[in-house]
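Colleague: Build out the structure end to end from the sequences listed, making use of the hints.
Chains as they are written, first to last, in the numbering used here: chain V, 702 to 1194; chain A, 21 to 148.
It is worth saying that the hints were derived from the structure and are not from the lab.
Among the hints, a few may not be true.
[What the hints assert, rightly or not] Residues of chain A clear of chain V, computed beta-carbon distances all greater than 10 Å:
1. 26
2. 55
3. 79
4. 84
5. 87
[What the hints assert, rightly or not] Beta-carbon label-pair distances, calculated as ranges:
6. A:38 / V:1103: 41 to 51 Å
7. A:39 / V:718: 34 to 44 Å
8. A:88 / V:1181: 20 to 30 Å
9. A:98 / V:1174: 17 to 27 Å
10. V:1103 / A:63: 23 to 33 Å
11. A:76 / V:913: 45 to 55 Å
12. V:801 / A:109: 46 to 56 Å
13. A:105 / V:939: 15 to 25 Å
14. A:43 / V:889: 25 to 35 Å
We put the CB at the ideal spot given by N, CA and C, even for glycine.
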Amino acid sequence: MADALSALNALNKGDVPLVFERSVPGARTDMLPPLDVPESSPDAALLRSEPPLLPELTEGEVSRHFSALERRAFGVNNGFYPLGSCTMKYNPKINEEMAALPGFADIHPRQPERNVQGCLAVITQLEGMLCEISGMDAMSLQPAAGAHGEFTGVMMIKAYYGRLGDGKRRTKMIIPDAAHGTNPASAAMNGYTVVTIPSDANGCVDVVALRAAVGADTAGLMLTNPNTLGLFDPNVAEITGIVHGGGGLCYYDGANLNAIMGITRPGDMGFDVVHLNLHKTFATPHGGGGPGSGAVGCKAFLSEYLPKPGVADNSGSLTFDNDMPLSVGKVRAFYGNFLVCVRALCYLLTLGREGVPQAASNAVLNANYLMRRLADPDEFVHDRACMHEFVLSMKKLKAETGVSALDLAKGLLDKGMHPPTMYFPLIVEEALMFEPTETESRATLDAAAEAFRALVKQAHDDPDSLHTAPHAAPVRRPDEVRAVRTPILRYET
Amino acid sequence: MTFPKTLRYTKSHEWIEDLSDGAYRVGLTDYAQNALGDVVFVNLPESGSELISGEPFCDVESVKAVSDVYSPFTGTVSEINEVLLDSPERINQDCYASWLIKAEANAPGSDWLDADEYEAFAASEQGH
Chain V
702 MADALSALNA LNKGDVPLVF ERSVPGARTD MLPPLDVPES SPDAALLRSE PPLLPELTEG
762 EVSRHFSALE RRAFGVNNGF YPLGSCTMKY NPKINEEMAA LPGFADIHPR QPERNVQGCL
822 AVITQLEGML CEISGMDAMS LQPAAGAHGE FTGVMMIKAY YGRLGDGKRR TKMIIPDAAH
882 GTNPASAAMN GYTVVTIPSD ANGCVDVVAL RAAVGADTAG LMLTNPNTLG LFDPNVAEIT
942 GIVHGGGGLC YYDGANLNAI MGITRPGDMG FDVVHLNLHK TFATPHGGGG PGSGAVGCKA
1002 FLSEYLPKPG VADNSGSLTF DNDMPLSVGK VRAFYGNFLV CVRALCYLLT LGREGVPQAA
1062 SNAVLNANYL MRRLADPDEF VHDRACMHEF VLSMKKLKAE TGVSALDLAK GLLDKGMHPP
1122 TMYFPLIVEE ALMFEPTETE SRATLDAAAE AFRALVKQAH DDPDSLHTAP HAAPVRRPDE
1182 VRAVRTPILR YET
Chain A
21 MTFPKTLRYT KSHEWIEDLS DGAYRVGLTD YAQNALGDVV FVNLPESGSE LISGEPFCDV
81 ESVKAVSDVY SPFTGTVSEI NEVLLDSPER INQDCYASWL IKAEANAPGS DWLDADEYEA
141 FAASEQGH
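Modeller: And the structure:
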C-alpha cells in the first residue's frame, strides 16, 4: 500500500516512468479467440530472428501511462499559450466532431472516386475559400506543413523559370533578415543562393537595399507580412513592384495571415505564390497536438506547376486530375492531411464571411491590448501599433539584473502560462515574442500582464530565483547544452 | 567584457590577430560570445577553402540560435582550430584563445576597428 501510494505521489509530482519501465513480461491488452482456420506461416526468410522489443502492459496501465504524460504536458486546453508566430488559438470542438464523421474518418485512400465524392467536394470547397481569402487563383492542399508548403511553392517558382529557359540565370532568392528560418532553408533546399536584406529603422523591408539587390539573377522574394516583428509592411505594394520589375516572383509566407484574413489579401499585395498554415490560421490542432497542413496557392499563370493530382470537376463528378505535365509532382502521399482540411473547412463555415475578418480584428486588438498592458515602454522594439503579435527586447533588464529572456520564459511556467517565443526574430536581442490570438478573454490577458510584471519585479528583487526557474513545473531547468550536444534519442535497456 | 589592445575587430563581432606576413587568426569577440550564450556546435570550414570578405565562412550554434561568422578579409584558410569541434564551450570560456581559423589574407581590411573603437561600437550596440 505504501509503495502504491508513493508511486501515485510520484506520478502526481510528474515523475513518469518510461513505458518500457512499466513493462511486465506477459502483460497484454488482448485475448484472442482460439485459431479456427488452418495455420500458415510466411516464408522463413521473412521472419524475425527474435521478437521485437516492445513494452508489455495491460490496457489499464497503457491508459494510465498516457494520462500521466498528458498531465505533464501544457497545451491550449490547459492555459494561456502566447507562443509568437505559432497562432495557438482555441481549436473549436465542432471541428473534431466533423472530422470524426465516418464518411470522412473511415474512408480508404484507395477507394474509388465515385464513392468519396463528399471528400473531394471538401477539397474543392476549401481550395475555393482559401483562394478567396489569399487572392490566389488556384490552390493545392497536399503539403503537410508550413515549411513543406514553402518548399513546394519555391519548387513551383523554379519549375516556372526552368520552362522559361531562365533557370540558370535566376539563381538568387531575396529574403529579409526578419524572416522565419524556414524561408532561407526552403530556398537553399531548392538550390537557390539566399540574399539577405536588412530591415530598416521601422522594422520593415529596407526598400533601398531591396532595389539594390534585385537584378537579372533574382528568382524572387520571400516575405511574411505582417512580419515577424508583428508589423505590417506599408511598402508592400512597392516591394512586390520592385521584384516584378526585375523579372522576379513574390512568395508570401502565410505564417502570419491570422492578422489580415478576410481584410486584405496577399494576391492584392502583388504576391504570386503563397502558403497558408491551416494548423495556425484555420484552427486545427498543432504543436504536438496533430499534423499540419501547408496549403500552397498561386496566381493563374503558375497553376500548371501546382502539385498533382489536383481535383477536377468532370461535368458534375469530381476526380483526381493527374494530367498535369508541368506539375512539380506529388509532394505528399495520397492527398495531404485530409482530416486537417476537414477541420479547416468546418472552421471557415462556422465563422463565415463576417466571422473571418472579425477573428483577425480581434487577434490584432488582443495583441495591442496585451502589449500596452504587459510591456514597459523601455522594452518595446518599435513603439507603434502591432498586428497579431509583438516583440519585446529584455536587453535592458538583462544588463541591469542578469535575468535573461530565457529566465523570464522559465519563470512564466511557474505562473501557469506557456512562455512566449524566445530569441526570435534573430535581429532583436533578448527577444520575447507574444501572440495572444483572438480567442483569449480580457481577463486572461490582464492576468498574463500582471504575471509578467511580477516577474520583472522579481528579477530586480531576487534574480537568482529566476535563474533557477521553473520551480513548480514537472521538469525543472534542463541542461540545454548537454541536451543539444549529447541528446539521448532512444530507449536502451 | 574585455577587448585586448593587440587585436583588431569587425562590426560583425569577429576579432583578428595579425600573425605577420599576411597570416591572421580569426575568432569571436567577448561581446559576441556573451550575446550568443552557451555555444553548442561550431561548423568550421575546411583548410584550403577560399574566404571572401564579408561573406560567412563558419557558423556557430548556441542554445538560442545558429549564427553566421563573417570573414574579415578575402583569402585562404590555412588551419582550423579542431579543438573547438569537440569543445565549443571554450568559446564561452576564453574567446580570445579560441581562434576559429588561421588564414592567409590577400589584404588587410580597411574598416577594421581597434580595441577602443570596437569597445565604443559594442557599447552602442548594447544600449541600442
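Colleague: Now tell me, hint by hint, if it's right for this structure.
Modeller: Hints and how they fare:
1. Every Cβ of chain V is farther than 10 Å from the Cβ of residue 26 of chain A; the closest lies at roughly 27 Å, confirming the non-interface assignment.
2. For residue 55 of chain A, the non-interface assignment is contradicted: its Cβ lies about 7 Å from the closest Cβ of chain V, within the 10 Å cut-off.
3. A cut-off of 10 Å between C-beta atoms confirms that residue 79 of chain A is not in contact with chain V; the least separation is 12 Å.
4. Listed as a non-interface residue, residue 84 of chain A fails to keep its Cβ farther than 10 Å from every Cβ of chain V; the least gap is roughly 4 Å.
5. The beta carbon of residue 87 of chain A is not kept farther than 10 Å from every beta carbon of chain V, the shortest such distance being approximately 8 Å.
6. Restraint check, residue 38 of chain A to residue 1103 of chain V: a C-beta distance of roughly 35 Å breaks the suggested window 41 to 51 Å.
7. The hinted window of 34 to 44 Å between residue 39 of chain A and residue 718 of chain V is violated, with their beta carbons roughly 56 Å apart.
8. In this structure, residue 88 of chain A and residue 1181 of chain V meet the distance hint of 20 to 30 Å, their C-beta atoms being roughly 21 Å apart.
9. About 49 Å separates the C-beta atoms of residue 98 of chain A and residue 1174 of chain V, a value inconsistent with the hinted range of 17 to 27 Å.
10. Judged by the Cβ atoms, the range 23 to 33 Å given for residue 1103 of chain V and residue 63 of chain A holds: they are separated by roughly 30 Å.
11. For the pair residue 76 of chain A and residue 913 of chain V, the supplied restraint of 45 to 55 Å is violated, since their beta-carbon distance comes to about 20 Å.
12. As the Cβ distance of residue 801 of chain V to residue 109 of chain A is approximately 50 Å, the hint placing it in 46 to 56 Å holds.
13. Evaluation of the 15 to 25 Å hint for residue 105 of chain A and residue 939 of chain V yields a failure: the beta carbon distance comes to about 46 Å.
14. Checked against the given bound of 25 to 35 Å, the beta carbons of residue 43 of chain A and residue 889 of chain V, roughly 32 Å apart, stay inside it.
Going down the numbered hints, you'll see the structure goes against 2, 4, 5, 6, 7, 9, 11 and 13, while the others check out.
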